[in-house]
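K.L.:
Take a look at the letters that make up each chain.
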Amino acid sequence: MSTEYLQEVANADYKYGFVTEIESDKAAIGLDESTVRYISAKKNEPEWLLEWRLKALDYFLSLLEKNDKPEWAHLDIRDIDFQSISYYSAPKKKPELESLDEVDPQLIDTFNKLGIPLMEQKRLAGVAVDVVMDSVSVTTTFKKELNEKGIIFCSFGEAVQEHPELVRKYLGSVVPRTDNFYAALNSAVFSDGSFCYIPKGVRCPMELSTYFRINEAGTGQFERTLIIADEGSYVSYLEGCTAPMRDENQLHAAVVEIVAHEEAEVKYSTIQNWYPGSAEGKGGVYNFVTKRGICEGRRSKISWTQLETGSAITWKYPSVILKGDDSVGEFYSVAFTKGHQQADTGTKMIHIGKNTTSTVISKGISGGKSQNAYRGLVKINRGATGARNFSQCDSMLLGDRCGAHTFPYLEINNPTAQVEHEATTSKVGEDQIFYCQQRGISETDAIKLIVNGFCKEILAKLPMEFAVEARNLLAIELEGSVG
Amino acid sequence: MNMLDIKNLHASIEEDGTPILKGLDLSVKPGEVHAIMGPNGSGKSTLASVLAGRDGYEVTDGSVTYEGHDLLEMEADERAREGLFLAFQYPVELPGVSMSNFLRHAVNSVREHQGKDELSAADFLALMRENAALVNLDPALKARSVNEGFSGGEKKRNEIFQLAMLAPKLAILDETDSGLDIDALRVVSEGVNKLRGPERSFVVITHYQRLLEYIVPDVVHVLVDGRIVRSGDKQLALDLEEKGYDWLREDAGVPA
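As you go down the protein sequences, you meet chains A and B in turn.
In terms of the working numbering, the first sequence is residues 1 to 483.
In terms of the working numbering, the second sequence is residues 484 to 739.
Just so you know, the hints here were simulated from the structure itself, not pulled from any lab data.
All the pointers check out, no bait thrown in.
Label-pair distances were calculated between CB atoms; the ranges are:
{"id": "1", "chain 1": "A", "residue 1": "Asn413", "chain 2": "B", "residue 2": "Ala604", "range": "48 to 56 Å"}
{"id": "2", "chain 1": "A", "residue 1": "Thr359", "chain 2": "B", "residue 2": "Tyr573", "range": "32 to 40 Å"}
{"id": "3", "chain 1": "B", "residue 1": "Ile665", "chain 2": "A", "residue 2": "Asp400", "range": "43 to 51 Å"}
{"id": "4", "chain 1": "A", "residue 1": "Gly281", "chain 2": "B", "residue 2": "Glu556", "range": "32 to 40 Å"}
{"id": "5", "chain 1": "B", "residue 1": "Asp664", "chain 2": "A", "residue 2": "His74", "range": "46 to 54 Å"}
{"id": "6", "chain 1": "B", "residue 1": "Glu556", "chain 2": "A", "residue 2": "Lys69", "range": "55 to 63 Å"}
{"id": "7", "chain 1": "B", "residue 1": "Asp621", "chain 2": "A", "residue 2": "His74", "range": "41 to 49 Å"}
Counterexamples of contact, computed for chain B against chain A with all Cβ distances above 12 Å:
{"id": "8", "residue": "Pro513"}
{"id": "9", "residue": "Gly514"}
{"id": "10", "residue": "Glu515"}
{"id": "11", "residue": "Pro522"}
{"id": "12", "residue": "Thr543"}
{"id": "13", "residue": "Gly551"}
{"id": "14", "residue": "Ala623"}
{"id": "15", "residue": "Lys625"}
{"id": "16", "residue": "Ala667"}
{"id": "17", "residue": "Arg669"}
{"id": "18", "residue": "Gly680"}
{"id": "19", "residue": "Arg683"}
{"id": "20", "residue": "Glu696"}
{"id": "21", "residue": "Glu724"}
Heads up, simulated SDA-like pairs for lysine to any residue below, C-alpha to C-alpha not over 20 Å straight-line:
{"id": "22", "chain 1": "A", "residue 1": "Lys143", "chain 2": "A", "residue 2": "Arg203"}
{"id": "23", "chain 1": "A", "residue 1": "Lys456", "chain 2": "B", "residue 2": "Gly632"}
{"id": "24", "chain 1": "A", "residue 1": "Lys461", "chain 2": "B", "residue 2": "Ser628"}
{"id": "25", "chain 1": "A", "residue 1": "Lys348", "chain 2": "A", "residue 2": "Arg299"}
{"id": "26", "chain 1": "A", "residue 1": "Lys427", "chain 2": "B", "residue 2": "Asp538"}
Quick caveat, the model's predicted, so the values are computed rather than measured.
Don't be surprised by glycine CBs; every beta carbon is placed ideally from N, CA and C.
If we strip away everything but chain A, and leave its shape as in the complex, we get:
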């Protein structure tokens, strides 16, 4: 009985599958030099950026010609026709907004449906939100307050216009345009995203947040996020993502770069809930994302926390290059897959500086016929004397038709390094469910309790407003979904 129920739970409905009727500007389908020039012109970009994009395009097309796609992941990816995608789509009423009152009511409605009442959030939580709909950043709240502290938080496009020197200095400095297949594609066609700069010694007084949404059919989303934390600064940054239900697969290839200077700390949290496809495995978002941060200065710290519940396929490894001595990298992840979802996610911790430390805690939960893999690299370079790493990867299986996999890679080139790796796999036991039921708790609630218990230490790492949302999301995902 329990197993049958578990089968059934994995078929929960996606609750964010609506389409917003907002007129949009779309680029012609296909990818060549003219596409890149079109995007760059639309965004009124300087010549150097166009050049940068075109070089990325050349590199991407050369890889495409050789069919040199990343294939090492534990994923079954249908061939993507990169010439059948529209690479740019922007809501037509591109607003210059000072307050939420000026936002298109349709858009507000969209975010209400997402359970992100901006007004509420603004009032209660004090979260500054940047909203990226399809490819363009629609609204940034709280701008004035941030300005007073010298914090720059705006759309990427705006940063290119207003702060070209910062963009030029840091763009591609952590994820080069030739880094990998999807990073090259993003570098050529990225349309917008978020930009954030925290000046020296400033502690950002509120959570910064971006919501990404793919709305248009037949488009890809290629946003780029760049966060720079100058010496001694602190910022906590959140991103959330959803997409409508569509029968075709949609491509999302984002790049996130973080630079933390001396004694700076960046905390980056993600709730990823792109459309995962139907119960039969039709449609869904291909989420191929390159996220990397560099602890450039001494005693700097970068911390990634992610809750991954969406996407047909997730391929992402938020990583930290620990260059500064005594710098700290952290990766905390909950990846929940069900139905036909596939996830291959994990992290890379590259220890370069002395006495650098990294912590990796990954929790994978698989239901339905899904496949959930943790893939992590811990690399200790020759000069990284006294480097330490602790990794823990726990997997939980809901039912018996899903898979959990752990692929840890260790490269240790310094004998003083201390590296620990622990891994466990467990099945939600029928005895655990029965124990809860015997206390009057329904089977659904029992599974929620057990799964939440399993993820507890990660959920506790999320900023408070997000933790509530994360728990709710996990509960919605589990609703009728364990299979």
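Mind docking chain B on chain A? Use the hints.
P.N.:
Just chain B now, with coordinates in the frame of chain A:
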């Protein structure tokens, strides 16, 4: 009306069809404490499992009526909400699920079923404190994960603590005494005795007479080879202690 009526109950293990219960009869009135004793493999724990609705057993014949309802028709969680409680022989660990979160869910599901409002946080915590004291449990346990890192004795006391929290009508104790030292046994038994009342019945399953010195039963039944072969008062338990089970096996025509 009887609280529980078991008539000619036959049950087997689902996986391989091995018959375990072979025509068991038992009636329990409100407020009574019944002890079920029997040798290993006689079906004691199977009886507890079938009554609580655990998967893996198939009832092939007979009936179980609980408060006038067909118990076997109900799901396990429904039985619990209707006031049937099982103290587990092997309590299950729930990593990361705190005792207070677990019991809040449990208590409120039962209350909702009874048409009562949820307990306020303050009332709930007060109730936890009060009941933890009943079995000498450290009140700090509310922040700990369910049964995780609990000693054997703590796990058993925790079962009785949950019994107190859920205030059931019928409590089945499945070898609650196993693995307990004499002090823990006394604490657990005193807890149970305080929870006895005219509306609450107990079925106490045990291998040893020892427990019955502390929890004095109204009726003692001897279960051999899936059937109750003799019932009596607490003197029967003392006889068993002295003579073992073999003489009853012979009486029942079961090879030893």
